[in-house]
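A.B. asks: Chain order of the listed sequences is A and B. What the first sequence shows, in our numbering, is residues 1 to 604, in sequence order. What the second sequence shows, in our numbering, is residues 1 to 291, in sequence order.
It is possible that part of the hints are untrue.
Straight-line alpha carbon distances no greater than 30 Å define the calculated DSSO-like cross-link-like pairs of lysine-lysine that follow [claimed, not checked]:
| id | chain 1 | residue 1 | chain 2 | residue 2 |
| --- | --- | --- | --- | --- |
| 1 | B | Lys186 | B | Lys159 |
| 2 | B | Lys118 | A | Lys443 |
| 3 | B | Lys116 | B | Lys186 |
| 4 | B | Lys174 | A | Lys443 |
| 5 | B | Lys116 | B | Lys174 |
| 6 | B | Lys84 | B | Lys186 |
| 7 | B | Lys174 | B | Lys186 |
| 8 | A | Lys134 | B | Lys159 |
| 9 | B | Lys118 | A | Lys134 |
| 10 | A | Lys79 | A | Lys152 |
| 11 | B | Lys174 | B | Lys159 |
| 12 | A | Lys359 | A | Lys423 |
By construction, these hints were calculated from the structure, which means they are not laboratory data. The structure displayed is predicted, hence computed values, not measured ones.
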Amino acid sequence: MSALKRPANVVGAVLILLLFLYPLVGSDTRYFESVLIVCMLYAIMASGWNIISGLAGYVSLGHSVYLYIGMYTGAILGKMWGVPPMYLMVLGGVVAAAIAVVVGFITLRTRSHSFVIITIAVLLLFMTVAQNWKSLTGGTDGFIVKQPEWNKDNPTTPYYYTFLGLMVLTVALVAFIMRSRLGAGLVAIRNDEGKAASIGVNTTLYKVTAYALSAVPFGFAGAVYAQYLGFVTPTTALAILMSVFLVLAALVGGRGTLWGPVIGGFLVWGANEASTVLAGEFSARLLIMGVILILTVMFMPAGLLPTISRFVHRRKSQGSAVAFIDQASIAQTSDVAIDSIVARTGQSTDPAVPELEVKGIVKRFGGVTAVDGVSMTVERGSITGLIGPNGSGKTTLFNCMTGTFQPDEGAVILNGEDITRQKVWTRAHEGLGRTFQITRLFKSMTVLDNLVAPLEKTSVRELVAGRYSGEEVDRAREVLDFMGLAQFEGQEAAALSFGQQKLVELAQVLMLRPSIILLDEPASGINPTLIEKLASVIRRLNDAGTTVLIVEHNIPLVLSLCDRVHVLAEGQVLISGTPDEIRNDPQVIEAYLGPDHMLEVNDV
Amino acid sequence: MEIVQILAFGILMGGVYALLSSGVTLIFGVLDVVNVAQGSFLVFSALLTWQIWDLTGIEPLLLIPVMGALMAFFGWIIYRGLVKRVVPQGPGMTVLLMFGVAIAMEGILNIAFGNKFKSVTPPYFTQSLQIGELVLPYPQLISGVMAAIVLVGLFFYLKLSWAGRALRASAQNKDGAALVGISSIKASSLAFAIGAMTAGVGGVLLIIMYPIYPATQYDWIAKLLGIIVLGGMGSIPGAVIASMILGISEAFAQAYIPQWSAAIFFGVILVVLLFRPEGLLGEKTREDVTT
């Protein structure tokens, strides 16, 4: 798709062109240049913020700290080396990114709420340091920064073009991230972090990377801004206000979009400038900005650009209803070569080593021991069933296998290797795939995007690769074809029925070429036709060598599919055996129905 | 002796923090909303107390129930009018909403009271209670004790009353609570009102100890947020423990390295989070059943 086909890109390009021309053709431009410089500063900051808070969904309220870090880096090093801070903008970016990595590593492991709070704390902590480390920062008075020769008449134009350049670079950075697999992963994290981890996304790495990248434009801009202002002072209230403005800018424009934060920067600072002219006083401006923030959150939460584009789309798509495909048509499996779907290289296939083994797993929640010393194996190439009454510990055991929980005792062994302490995404890379009882697709993404989101491995090359780099898309189409889902490729996942979503989730797992697939109640909540379809897919995958472990309440399905079945009751393995053995075992009936029912069953 | 003196100071201040932060953590527990406007609620109550005291010369402690009730009502309005509508959009948006509320309130307070320090100075303002060598200034002593009383009352209310049980049920499982007849809207309104009430009481206690002006909301909200992260989001006992840690570490820092007291507290938080991302008493929830 050509970049200029999207209207927002045209608007953005025109904006940049106009900004470029303005000082050249305008007369008496000094005042407006100075206003536009701050607009561009906010556009830069809002775009940077967009990387962590728009794409990944982790809202930061203290991001202006990275501008101050850039300002102090430029000003302090500039003073030490006798260089104007502006020339040190790269260092500003580097220092901001380095501090962001440290902060990100500490804070991004907390869940989203704590993260928001910590970002404020980091801002205040930095300001406290800046106010008190007098020998370095000049304390609350701050200090005057070194100026170059050409700065004698306080020109605005050089700063104007520098900020314009930085703004273009920031937009380019964001555009690059959005098109990369890193960007796809970040959106996946915003949609469902736990799920993202289960398909191999190293969520910690992704978040820290995004956080650090989001600080870079701030650091660059900070060094330039310090010189433009001519001094640096640590004024906490201003720093917080700046955070409000930049968040507001991204929000008004449309967070998660490329141009929204840029447009927002101009709108918000423009409005602020206008209210300074109209309302004048600082307090009135605070009030106005606060009210705009409240109104935006309440009435236009998606932001200006998405709201406009939705409006345009609605008008366009009137009359062309989305075609719904009947269930029967997906029930046919196409005859794509199964081997290319499941082929996994570089793994031992020694049949003597079980595919998956758990030894003495114990997991307690408070006083409840959900899993109480379970040992079992899943033989290579088998379809193994795990059944048991509600509350018998199936799902907990499952979660210990996939790494969602750490067992309190015991070991999980995948293909002869102890993976008990490994992260969820590492297990995914090692060949352990899972689906969820209640599907957890990335609802706002298309089916195809859902399939290309998984990562086979984590490396820099992989992260910067294009989201739709040829190989992945080919493979995704192949898998969709195999599942008979090809016609849904461009649909949003949320538009599919629950049963269809289950098939897409299985397709998503196949993208990682798992050697074993763990299916959590695949048949619950879907219609008999799809259950048939699912059973045939499972059999075909298994014929091609994939091991399958199924947790399921649909006993007939389990008994017809599985080679071997383990029955759990009250957190322990009650019995293991072939389907026939299980069917006729009185203990199993007792476990399911309780001892009172035994007589009735025997009577029959 | 000096140590005992500092400890006593720290514990009294910790009590005030505990009252204020339990309001924030309660709101979070029930609604999943981080009320970053708690600082401005606090300052609002403090400045209103100052205004009434300035006009009438009334004993400020008598205003505790009045301000508590007033702010509870105010919180209820904010919840019904604004928060309720934004909650479905998720915690990120409610934070931004409350941020907007905080900023707008600061603007209004600036316009109404001016951007100047205000303090309430009742007759006991400069007096102290002397127990042996221990010197406890009355403002600190009274504030700490009043905060403890309100906090204990709140604790028993949550533990023993039907409404308290309903709140805790709703905090643990909204849908489940709804099934047994607890309206999540009512529970949320109540939580928000109680949270704002703690700010109402706290505002009175603060202004007899410290001079306050609108922008001091940032200092307070930063501390309160730090406390609830350190204690574990949503855990009231956690908030109390973290408040004591803050109060005591601040008191020591104040005595020996005054300018670094804020930095030390935030430093402690970052170190704790490195080892326990969920906070001191925070819980890791069973994701699989809650989604």
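A.B. asks: Decide, hint by hint, whether the structure agrees.
C.D. replies: Hint check results:
For the hint linking B:Lys186 to B:Lys159, the alpha-carbon distance of about 18 Å falls within 30 Å, and the restraint holds. Between B:Lys118 and A:Lys443, the direct Cα distance comes to roughly 52 Å. Violation of the 30 Å bound is thereby established for this hinted pair. Between the alpha carbons of B:Lys116 and B:Lys186 the distance comes to roughly 38 Å, so the proposed pair goes past 30 Å and is violated. Distance check on the hinted pair: B:Lys174 and A:Lys443 sit about 23 Å apart at the alpha-carbon level, within 30 Å; holds.
The straight-line distance between the Cα atoms of B:Lys116 and B:Lys174 is roughly 44 Å, outside the 30 Å bound, and the hint therefore fails. A hinted pair counts as satisfied when its Cα atoms are at most 30 Å apart, and B:Lys84 with B:Lys186 qualifies at roughly 11 Å. For the given pair, B:Lys174 sits about 12 Å from B:Lys186 by alpha-carbon distance, which is consistent with the 30 Å threshold. Restraint check: the Cα-Cα separation between A:Lys134 and B:Lys159 comes to about 49 Å, which exceeds 30 Å; the hinted pair is violated.
Taking the CA atoms of B:Lys118 and A:Lys134, the gap is near 29 Å; set against the 30 Å cutoff, the hint holds. With a C-alpha separation of about 18 Å, the suggested pairing of A:Lys79 with A:Lys152 holds against the 30 Å cut-off. A hinted pair counts as satisfied when its Cα atoms are at most 30 Å apart, and B:Lys174 with B:Lys159 qualifies at roughly 18 Å. Taking the CA atoms of A:Lys359 and A:Lys423, the gap is near 18 Å; set against the 30 Å cutoff, the hint holds.
Consistency with the previously given hints fails for numbers 2, 3, 5, 8, ordered from lowest to highest.
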